[in-house]
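Chemist: The residues making up each chain are set out below.
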Amino acid sequence: MPNHFSHPAAILRSIQVRKRWEKVFIAVGVFSLFIALATLVLLVSDLLIRGWPMLNWRFFTSPPSSDPEEAGISIAWVGSLLVILVTAFVAVPLGIAAGIYLEEYAPKNWLLDFIEINITNLAGVPSITYGLLALGFFVYILNWGESILTAGFTLALLILPIVIVTTRESLRAIPQGIREAAYAVGASRWQVIADHVLPYSMGGILTGIIVGISRAIGETAPLITIGALTFITFLPDSPLTTQFPFISFNWVWAPFTVLPIQMFNWVSRPQDAFQINAAAAGIVLLVLTLGVNALAIYLRYRFRKSIKW
Amino acid sequence: MVEQPFPSTNKVPLTLPSRTIRLWRERIIATVLFLAAISSVITTLVIVYILFAETMIFFEKVMEEHQESLLAALVEFFTGTEWSPLIQPISIGILPLLSGTFTTCVVGSCVAIPFGTIAAIYLSEFAPAKVREFLKPVLEILAGVPTVVYGYFALLFVTPVLQKIILGVQQFLAPGKESWEYFELPGFNMLGAGIVVGLMIVPYITSLAEDALRAVPVHLREGSYAMGATRLQTAIKVLMPAATSGIVAAYILALSRAVGETMIVAIAAGLQPKLTFNPLEGAATTTAYIVSVSLGDLPHGSLEYQSIFAAGIMLFVATLILNVAGYFISRRYREVY
Chain A
1 MPNHFSHPAA ILRSIQVRKR WEKVFIAVGV FSLFIALATL VLLVSDLLIR GWPMLNWRFF
61 TSPPSSDPEE AGISIAWVGS LLVILVTAFV AVPLGIAAGI YLEEYAPKNW LLDFIEINIT
121 NLAGVPSITY GLLALGFFVY ILNWGESILT AGFTLALLIL PIVIVTTRES LRAIPQGIRE
181 AAYAVGASRW QVIADHVLPY SMGGILTGII VGISRAIGET APLITIGALT FITFLPDSPL
241 TTQFPFISFN WVWAPFTVLP IQMFNWVSRP QDAFQINAAA AGIVLLVLTL GVNALAIYLR
301 YRFRKSIKW
Chain B
1 MVEQPFPSTN KVPLTLPSRT IRLWRERIIA TVLFLAAISS VITTLVIVYI LFAETMIFFE
61 KVMEEHQESL LAALVEFFTG TEWSPLIQPI SIGILPLLSG TFTTCVVGSC VAIPFGTIAA
121 IYLSEFAPAK VREFLKPVLE ILAGVPTVVY GYFALLFVTP VLQKIILGVQ QFLAPGKESW
181 EYFELPGFNM LGAGIVVGLM IVPYITSLAE DALRAVPVHL REGSYAMGAT RLQTAIKVLM
241 PAATSGIVAA YILALSRAVG ETMIVAIAAG LQPKLTFNPL EGAATTTAYI VSVSLGDLPH
301 GSLEYQSIFA AGIMLFVATL ILNVAGYFIS RRYREVY
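For the protein sequence lines, the chains are A and B, in the order given.
Sequential numbering of the first sequence, starting at 1, is according to my numbering.
Sequential numbering of the second sequence, starting at 1, is according to my numbering.
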């Protein structure tokens, strides 16, 4: 092999060549990320251009209709809200409790390993599998039907791994010294957790819950699988009643539709006019999920900044 | 895990009035928390039970219908080239659904793997802090877009653009023909759906691969720089090999996402099962089949009801293998140094 590095000019040229390649790579890297950015911009602008004229008060207050001009998302957003309510009610306590057990109580043995692998796998299971679980188990074995309750539980199981994992991470971030100090003054294990560890890690846990909720708002496939009706023109019973005891839970048994299903329904119609509705519903969905996500990012940033052990 | 700082409390000769209550309360709370943790295992068990039970009924019905043994039914399931459990005479070859899933995933990977990897290297080794701070949230936002919105994007934006591009290329290569003589990309096609699936999984690959690259110890980088290597040479010759298992795990986990992706393909790739590997055609994936059946009236206990569980079990097994592989591969790269 000829020793071409012996000459200073050759060395300089070699450096130049390598620097040029570096510049080429930077250009390619910027281009790759530009694609991601462009996707987002194109997506949002396409939705806005098509759907903006549709976004008015009537759109939010009208039920779906076979006339695209008349159709709205009132049933869908109420349905989404109620389903998410059930989801949060199930997933938040269950997820936090599971996270506390795995991080603070569980002995390090095969069972912990097994549960961990299991949660990792559940986080990666396709969401439609949860729909099949719900169809076979909630709808037919427990006989809950195609109700808000079924949908809420389905989405709760879906976001449970997210809540568990973030709960564990935030508990792990609390320094051991805090726990030891509490034990030293005679607190029991639960007192240590409930009075000290949990309050200090609430910020991180809250972030996890919000990320999970945002995921649940946008999730479509599992709810289609349980047979969520796509054309419903009536609202479920109101949770507040005029008669004693003023609160009714009839609504959990009501059939429902949610925003993403409404959007899917409109996208898959052959008439072009419905695509405007789909775009408008897409804007609402995007604002909701991204807004909730942005809140989580902001909260995480805030909590990271304010905590100095 | 916290070590109890002093040995068990019941040996302390104190007679606080609440001691027993406190002990019992602790035990009950520990039990309740344990049950919550076990719920994830129960979820998995129920998923497996439901999928298996309904799939068994599916095969029993098929055996009855075709008057054949379980083995013959299984052979038909895995090797048959036609999937139409809803139309008499029924045929239950799963291959058309798998080919649809395979094709969209290949298209998606062709988009996501190069872009995702390059973006990860750029973000971890080249990008100035300010650019990183701006781009990381953008990627997070992309990962948070509901898939039904991506489906809309694939059907109503990407596909029309592709149609124009494909027509334009043909007109450029062979000008002067009648418009109907050119190939027209169908409105439902796996190319557009696959590209959008790829765009959807780019953030996963980027963030996981970036983590893997950043986990490579700094002294490996410094050693490389000290030898006069540029950042690019270091990234490709030192960091990529050192982070291989993490990057491969990122690909596998992203692929698992693509396999399980439902709404994009259900909206944009078509709902007709078809044994084809041509992305220019439309064909149903495994997930899209489940959606298309669920959309209709689905009587409990009918063959089409059970058929979605048979399709679902293929999906579950495929993603399970990918996820477990990804889990173990990604665990390995932390232990190398």
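Think of the hints as simulated: they come from the structure by calculation, not from any bench.
A couple of the hints might just be wrong.
Pairs of lysine-lysine residues, derived as DSS-like cross-links and limited to a Cα-Cα distance of at most 25 Å, are as follows [as the list claims (entries may be wrong)]:
#1 Lys237/B - Lys23/A
#2 Lys23/A - Lys130/B
#3 Lys19/A - Lys237/B
#4 Lys23/A - Lys136/B
#5 Lys130/B - Lys19/A
#6 Lys164/B - Lys177/B
#7 Lys237/B - Lys61/B
Okay, the calculated bits of chain B under chain A, using three or more residues with CB under 8 Å as the criterion [claimed, not checked]:
#8 154-165
#9 228-240
#10 304-315
#11 321-327
Think of the CB as a built atom: it goes at the ideal place given N, C-alpha and C, for glycine as much as any other residue.
Chemist: Now, for every hint given, state plainly whether the structure supports it.
Modeler: Verification of the hints:
no. : hint                : verdict
1   : Lys237/B - Lys23/A  : 17 Å, holds
2   : Lys23/A - Lys130/B  : 19 Å, holds
3   : Lys19/A - Lys237/B  : 16 Å, holds
4   : Lys23/A - Lys136/B  : 22 Å, holds
5   : Lys130/B - Lys19/A  : 23 Å, holds
6   : Lys164/B - Lys177/B : 16 Å, holds
7   : Lys237/B - Lys61/B  : 57 Å, violated
8   : 154-165             : holds (count 3)
9   : 228-240             : holds (count 4)
10  : 304-315             : holds (count 4)
11  : 321-327             : holds (count 5)
Checked against the numbered hints given earlier, the structure breaks only hint 7 and satisfies all the rest.
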